[in-house]
Structure formats: C-alpha cells, structure tokens
Amino acid sequence: MANGMDQSRNSPSVPPPLSPGGRPGGAARFRGPVVKPKNFKGTLRRLWEYFGKERNMLTFIFLTVLVDSALMLMNPYLIGKAVDAMSLNHGKVNFSFLEVMIVVLTSAYIGDAVLTFLQGWLMAGVAQRIVKSLRDSLFRKLQKLPISFFDARTHGDMMSRLSNDVDNVSTTISQSTTQLMSGLIILTGSFMMMVVLSPLLTLASMITVPLVYLLTRTIAKRTSILFKKQQDQLGKLNGHIEETISGIEVVKAFNHEEKVIEEFDKVNTKLREVGLKAQIWSGFLMPIMNAINNLGFAVVAVVGGILATKNMVTVGVIASFITYSRQFVRPLNDMANIFNVLQSGVAGAERVFEIMDEQEESNDPPNAVVLSKPKGHVKFENVSFGYRPDVPILKNVSFEAKIGSSNALVGPTGAGKTTIVNLLTRFYDVTGGRILLDGKDIREYTRDSFRRTFGFVLQDTYLFTGTIKENIKYGKQDATDEEVEAAAQMSGAARFIKRLPNGYDTHLSENGGSLSQGERQLLAITRVMLSKPSILILDEATSSIDTRTELHIQEALLKLMENRTSFIIAHRLNTIRDADTIMVIDNGQIIEKGSHDELMAAGGRYYYMFYNQFKNIEGALD
Amino acid sequence: MKFLSKYIKKYWVSFCIAVLFLTFEAVCDLLQPTIMAKIIDKGVARKDIHYVLQMGGLMLAITAFGAVSAGTRSVIASIVSQNFGTELRFDLFKKIQTMSFKNLDQFDRASLITRLTNDVTQVQVFVNGLMRIFVKSPLLAIGGLVMAVRLNLHLAVVLAIVVPIVALLIVFNMRLGLPRFSKVQKALDGVNGVMREYLSGVRVVKAFNHFDVEVAKFTKANEHYKNQAVAANRLMSIFSPAIMLTVNLGIVVVLWIGGWGVRSGTIQVGHIIAFINYMTQISMSLMMISMVFNMYVRARASAGRIGEVFLQEDSIAWDRGSFNTRTEKGRIDFENVTFAYASSTEPVLKNINLTILPGETVGIIGSTGSGKSTLVGLISRFYDVSSGMIRVDGEDIKQINPKVLREKIALVPQKNILFTGSVAENIRWGKEDATKAEVEQAARTAGAHDFIIAAPEGYETMIGQGGVNFSGGQKQRISIARALVKRPEILILDDSTSAVDVTTEAKIKKALKTYAKGLTCLLIAQRITSIMDADKIVVLDHGEIVGIGTHQELIKECSVYQEIYRSQMGKEVQ
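Residue numbers (the numbering used here), protein chains in the order written: chain A, 4 to 625; chain B, 58 to 631.
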C-alpha cells in the first residue's frame, strides 16, 4: 500500500504541477499563493456560480464517482470473500465460489477503470471550460474598467492574476472536486462497511481519528502562518529582483552591484529562514500521519488477531477490514491536502474576484442619447477635477472650442493639460461643473457613441501585433484596402510602407519593434485618418521624435486637422503657434487665452515662455 | 547543466543521508505487509495470542522507527533544498548583476526575472521532492518486487507480466504527454500575449472603442488554450485508469493462482493477502514514478534556462588596473571608434574621432537612432568598442577596471529609473555617505528641492510601490540630483530634461554651471536650445559625426545641423 501518497487515484488529470503526490511539503507552496483567503465561504459560493452551466455535467460526474466509489468499496470485501473461499486449514478451496468472486471482481475492476477514465475525460472539459469562462469574464471586465484603474496597477500584477491565479483555480477544480466527492463517499462507505464487518474492530481502529484531527490542526495552524510569511517574503524578493533587473543600467552606472547583491542576500536569507521553518513543520505532517495510520493498522491486527483466535471474526474479515480502515484513513489524509489546494485556489479566485468587484465606468443613464453626427463644438463650464479628492488638479476651468477650430494647451509639467483631455474624452468624469459637446452634457451621450467622436495621436503610439494593414484598420474595422491605402497616402506613411518587403502585409511584432519612432507615429496618424473622427486630440504627438522627422509628420498632422476641432498639447511651442486659440494652463487654471500673435502682443506668460525657448536661437540669428 | 556541480559537491553528503533515511522509511513501509502476513498465518491461524501481541509490538516499533526516519529525512531534505535554492538564486542574481550588457542583451529582461523566480523554484521543488518521494517510489517499487518474489515465486509470475505492461504504459504516457503539454504552455503564452498587449495599449483600445475586437482576439486565444488543455488532459486521463486496471487484473489472477496453490498446499492464505498488498504498493509507486518523470522534464527545462545564464562568459575583463596619472581629470578621447551591437552586423557608430577636454560642456544632437546614447554608453564601458579606442584621462579604458572607471562618471539615463525607498535614499545612490546638506544642494541644483519639500514627508517621501507618484519631469530631476551628489568628474545627461518644461530646464542649466565648475559635461538633447551654449556641439547622423563645433560654426557649415535648426524654428527662419 502506498501510505497515503496515492491521492492521484481520483484525479486522473495531470499531476499537480508542483506538489507531486500532493504532499503538503512546503516547497509546493512556493509559487501558489497559500495566503489565507479572506472570505473562504463567500468566495467559494461565488466560484460555484461559475459552475453554472456545468452543473448537469457535474451531477453526472458525481454519479459516476458514486458508482465508482461503491465499486471500490466493494473490492476489499470481495477480496476478503475470495480469501475466505480458501478456507484456512485443510487445503480445501471452494472453487465454484472463488470463480464467482473472480468474475465479479474482474468486472468491478473494469467498471472502475472505465468510470475513472470517464471522470477524468469529462472533468478535463468541465474544469477548462469553467476556467475559460472565468478568464473571459475577467477580460471582459477589464474592458469596462476606467483608465484610473489601469493607471494605478502594474501590468505584472494584472498578468499574474490572469495566469497564475486563474490557473490555481483550475487546478483546484480539476483536482479537488472529484477528490472531495469520492473522498466523502469513501469515508462514509468505508465506515459503514467497517461497522458491518465488525463493530468491535471499528471501535478499536477509531482511536486514531482524534489523534489525526488534533495533530493536523496543531501543525496546520503553525504552517499557515509560516506560509503566509513566506509568501510575503517571496513578494519582497520578487519586487527587489524586478526593480534591480529592470534598472540594471543605473545599478551599473553607479557601481551599485555589490550593494544590490548584498541587499538581495539579506532578503533571500530571510526567505530561507521562513521557508525552512514552514517546510520542516509541514514536512512533519506526513510522517506523523503515516505513523498514526500504521498504529491503527497494528491495533486492528492485534485486536483482530485476538478476536480471530476466539472465532469472533474470520481471517477474510480481518483482511477486508484492514483494507477498509486504510481506505477510511486515506481520504482523511487527503482532506488535509485538498484543503491546502482548495485554500490556494480560493485565494486565487479571491484575487480574480477583486478585479471583478472593481468599480466600472459608470453606466449610461437610461435616457442616454446616441451621438450620431457630432459637429465638434466643445464647451467647458466651470470644470473642476482631482484624481484624489484632497488634491484638486483643475479649478474652475471654462472655455469654448468652435467647430473646426484648433486649440492648443501649453504650460509647465503637472499644470493639468493632459487632465483636460482625460476629462473631455471621459477617461475620467468631472467632479464639478460640466462639459458640453454640441450643446449637451457629455454624460448624456452613450459612452460608446461619444468615444467614437474622438481620434487620438498620443506620445506613445501603441501598435499591436499584426500586419501594418491590420494596425491601420484599427481605426475602422470594415475599411477596404483602397481606403487603407488612401489614408496612408494622405498621411505620407505610404512612402515607407511601400519600401517594406511585404508592404501593407508586413508583420509587426509587439509595439512595432522594427519601425522607427517616426514611422510608428505616421502609422498612428494614418489610423486616425481612416477613422475620420470629428474631434482630434494630439497629446505630445511629436515630442519623442527628433525635429527633422517631425517636419514630415507635421504635414500629415495638418492634413488631419483640416475641418476638425482639434486639441493639441505640446512642449515645443513652434508646433502650436498656428493654432486658432492657445490656452496657457498653470496650476489647474487657464491663465491666458488667445492666438499666438495676441498672446505675444500681450507680453504675458506665453510671451515669456516663447521668448525663453527661442531667445538664444533668435539671438544667434542676428 | 554544469553549474549544478558546485551544489552537488556541497550537498551530496547531506543528500545521501536524506536518501538513507528515506530508505529506512521505505523498508519500514515494506515490512508492514510481511508482518501482517505472519500475524495472520502464524498467530491467527494457530490461535496464538501471544504471537499476535509480539508481532503487533514489533509492528509498532517498526512504525515508530519509520516515523523517526521520516522526520529526520524531512528535516534534512528541507534544509538541503532551501539552502540549495537560496544559494542558486543568489549566485544567479550575482551573475546577472555583474554580467556585461553584451551578455545581458542576449536575454529579455522579463525572462531573466522569470528565471530568477519561477525557474529556480521549479528546480528547488524538484530537489526537495527527490529527497521526499521521488527516490522513495522507485525504492518502494523495487522493494515491493523483491518482497513479493521472496514471498512467493509462483505468484511472482503475475508480476513478470504486469510490470512490463505498466512500464510500457508509463513510457507511452510520457511520449504522448510531453509534446501536448508543451503545446499547452505555448497556447498559454498566447493568452498572456493578448493580455499584455491589451494592458499596454489600453488607452488606444479605449480611444478607438475597440472592445469587441480585443474581446474577440482574447476569446480566440483563450479558446485555443482551452482546447489544447482539454486535449492534453483527456489523453492523460486514459493512462492512470489503465495502469490501475492492469495491476488490479493482476490481483485477480493472483487470487486465482492462489486458490490452486492453497489447495495444493504450496501457498498460505496470509501470503496471498500480503502479496496483494505488495502489488498495490508497486502499482502506486509506478504511478508516482510516471509523475516524477513529468516533474523531471519540467525541472530540466528550468535548469536548462538557468544554465544558459550561467554559461554566459563575461565579455568584459574586470580585474584590470586603475588610473595611474591623474593629471588630466575628465578628458575623453574617441579614436576611430566603431561599434556594433551583438545582435546585428550593421555598426551603430562608425569611425568616431572626438576629444573632449576637461571641464568642457559638450552637446550631442542628432535624430533618433543616430547613436547618441550608444556613444555615451561606451564611455562607461557598458559595451566594449568593436574597433578603435576610447581613452579617459589618457588611459585606454579597456585596460581599466570598469568599477574604477564608473566611479568617475555619473549618468542620468533617458529612462527614469528610481528605486523603492525614500527620495533621500534614492539621491544617496550617488554617494552613500552624503550629508543632508549635500543631498539638498544636489536637489536644489537639479531643480527638485522645491517639489520635494512640498511633498507630504519631504525628503523622506517614499517613491515606488505604495508611495507618492511623482510626475515624469519630477522623476527626471530626482535622477539628476542623484548624479550630481556623486560630484563626478564626468557628467552625462542623456536627454534628461525632455519631460521638464523649458523654463525649468533653463533654471537647471544655469544652476549646473555654478555647481559643476571644472566638470566635464556631456549633454544629449533633442532641442537645440538645450545645447546651443555648449563649448562644443557634436552632430551625429547615422552613426557618424557630421559636424563638431560651436553653434555659430555649425549653423554656417553643417547641413544636418541647419536642418535640425530649421525644423525647430519652424517659419522663423524663412
């Protein structure tokens, strides 16, 4: 017998990735968050909702488990009967009975194999489907979350939730569900069989139960604290690794290798200390359980022996009984394991649900209007806003942008330029005042139709994996090839696209790796050109491009801005001097407003900024 | 996997002791069924209570011994595996931190992080498992076989058929399973890829209202992953029942043969029970072994990934000399320098000849990709030149320990890299024992002092996780302060004021002039205004120097410079 390491018996799916044999041995916990879930029952109940469509299938699987467990319970009894058929003393064997037993046993074993296979086969589908729907709904949820959510979180954390945590849930479902079912059935079944076989022996073997309970509890209490500590320490270590490897240029430039290594050593050593304690404690669990099982085994043998000598039980009964008592203890041992797996799974689910519970972008009001033909008239009325309530960013901003006008926002870093754009596009909602588009509060439009009004060219052009054509079409999914090419022609991107080996079908890796920054920006402009938005937003569209390349792009941008209301944020003042209106923002307020010539004539802040930027050059010109 | 030999040498004794105790444990497990058989055959059959008690006592003693062995083994296994993991991780980290950039560039940063965390853990878990069950399963299987054969040779014939079949099943399992599981891994990469892209481009997705497309993309990847996972798991679900069935049918045969044996008096009933017990034990061990193989394959892959890093031979020699003559502090000479990154044959810098005198301020300008950052990186010996020579203070830097070299230089990189910790701690990166006054002076010069003291806890304000988020321009200024506090001989600002508005930039430059007298200063910039008052301006174009001179000189002679100038002045020039 395998002394409790046969937990895979009922989980015919893949072996658990990190805990072979499901030992609660510590290292298995290294990756999975065995941080104790905060609300075990609640999360479990929520997870159960995802089982929704699969409930019928689960019921069916449960039935197979039930039948299978019954078969497994029968087997020792049958073996016992078969042994009894060979009566002990005189070499007399009841062959006709033995034959019957053997046929029954064989069919039971075959039945068991078929059922186990069926369980594994079906469960693989169920578990993966549930996890898939969990992952899908997580991703769908992400679509509805406001930008503020993404601004506040690292990508690493999100990725880890989508992959590690969801995987944890998957392992839990595929392993624990059938195991838990069969465990419970076998536990009760064995107990019943034991009582039927011999109440006295049952009583004798029960002495181990309280021992098992007490020990598991004591050890589990200690280890769960230690494992939590280990996870924390591991998190710290990973943080340190992430930081020092991403920033290795600085580490090296400042000769800080040794200091960084020293610090790593400290955290690493601490991790070892906690990890070691956790592992040793949890490592004790198995041998002790094993000893207790064997103790039970010995007690049954001795008591059984005594009873047999008094002819109170047959040898066959003892043989069956021992097998049953093992079957009885095994699920008990497994339960501890299952509980561990379950805990880490639920902790994973909790981290997934945390995102599910995030506040979504507010829903469209019931009477929301679909914005069908936007003209592009924008008006800010006493708009106030702060990302945090105690830190106001915009104070009482009011302005009007006429249809087809170009409007520039200038000012020092942190003045609130990007915030104005974030509010205008409803990435964030205003906290005071209102913003009107074509005479209506922007919150009265459906979010979907409203956003379609805008076209963005940002400092960070984001290109997606795919062909150039696909990337351009991002602006208009159903665009024809002719439309794509016309847009590229207009933006000037066609020039470099033609030079590429596969032209429009050239495949781009993540974020357009092989293209230069200028080329990427041209693609982004083409994308917007194709989508023909009514309002255009250029947020530092050319600031990461050298000024010569900028000249080419400038042309494209001017074409893009024709007949469109546009908002331009720029550091380089020469890029905005042609704007109809220039607004100087400082400290969350508009302090000057007017055309370039007006502002220069006024000799205020803009004049000073402009002078500052160009004085040297102009001086050199003389 | 040569890197493992160090740890094998260190831990093999402890490892063997652990395995020894594991063997004791296995032997104790194996003895149980035999004793049980004796209790039944000798004690119960002969109604000898005394014998039953004696054997029962023996069984308990063996159990106790087994438990002690297991406990000891567990402690040793924990110590060995934890120490091993800790050391491996430390060595790997150290290796990565001290590798040259040429070596570093061979890996993705993210991949290096995974190797340090996930892969090390995989190997550690396997080593731990090795001392816990992986060795025990074969031991139990072999032991079970030996005991079963010793118990009864006739019945053992059954094993001669069952074991090869099971072995075959395990082989099939591995053969079929591995490629399928690697497909699953790949599909998972796909899912993660879509997710990563979404997260990086979320503003664009939102701006274009492209939720449907993204969801469709994700659903496709997710569906693919699900299908692969289901296929792999379904295939696997055949093997475990098949192995069980083979062994169980073996048990039936044992019962049948046993029946005949009992009749002919050659086999005792207790033997049959024990034999069946052994068979179950063997089958369980075999199942474990098949799992161990799967684990092994995973750990092997991880060890391979770790080994790749260790295999990198440092391309830069470290233990060279230092500067002898320190007469010309802060002089830099480029002599016919050509440089290409390992990833391509196309040189990034071609035939660079340039002399920078002590105390000079040199501006470097040129379009994106013209080689500006590469040029200054070579001075710090982040890479070694492909041909030609760079001299700092008159010494060939290839002859100088990079540590000594970098002591002289302070770099403000293009990307803002600050570390978790307080503002003061971050600035002190430049000089660990800098006084408060020094830190503040550096911050003032960098134009950072005012916003730092405006932050809730001033210089003790935490940066990074859970801390205050400074804006891009503010972070740039903190990293300038970090470089200044070092009081270097050579200061390199790699486009470090791009996120700082023009007015603030002018202030910083003015302050720098007073702070850094006699300091050699290299300024990379996009804006001509940032560098036009430099002593010397270097114009780079496609990796070549196309002009060196003052602003006045270049504006007359250098066409590229004129072009840049025109582009920034817009209509003003016409």
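Incorrect hints may have been included.
To be verified - Taking CB as the label site, the calculated pair distances span:
1) G250(B) / E357(A): 39 to 47 Å
2) L368(B) / G128(A): 55 to 63 Å
3) E357(A) / D246(B): 18 to 26 Å
4) V106(A) / F229(B): 25 to 33 Å
5) T191(A) / L368(B): 26 to 34 Å
Just so you know, these hints were derived from the structure itself, not from any lab.
From a predicted model like this one, the values you see are computed outputs, not experimental measurements.
Glycine included, each C-beta is placed from N, C-alpha and C at the ideal position.
Evaluation of the provided hints:
1. Checked against the given bound of 39 to 47 Å, the beta carbons of G250(B) and E357(A), roughly 23 Å apart, lie outside it.
2. At about 42 Å, the CB distance of L368(B) to G128(A) disagrees with the hint of 55 to 63 Å.
3. For E357(A) and D246(B), the hinted distance range of 18 to 26 Å is satisfied, since their beta carbons lie about 25 Å from each other.
4. Range check, V106(A) to F229(B): Cβ separation about 29 Å, and the 25 to 33 Å hint holds.
5. Against the hinted window of 26 to 34 Å, the Cβ-Cβ separation of T191(A) and L368(B) comes to about 57 Å, which falls outside the hint.
The structure does not agree with the numbered hints 1, 2 and 5 stated previously, though it agrees with the rest.
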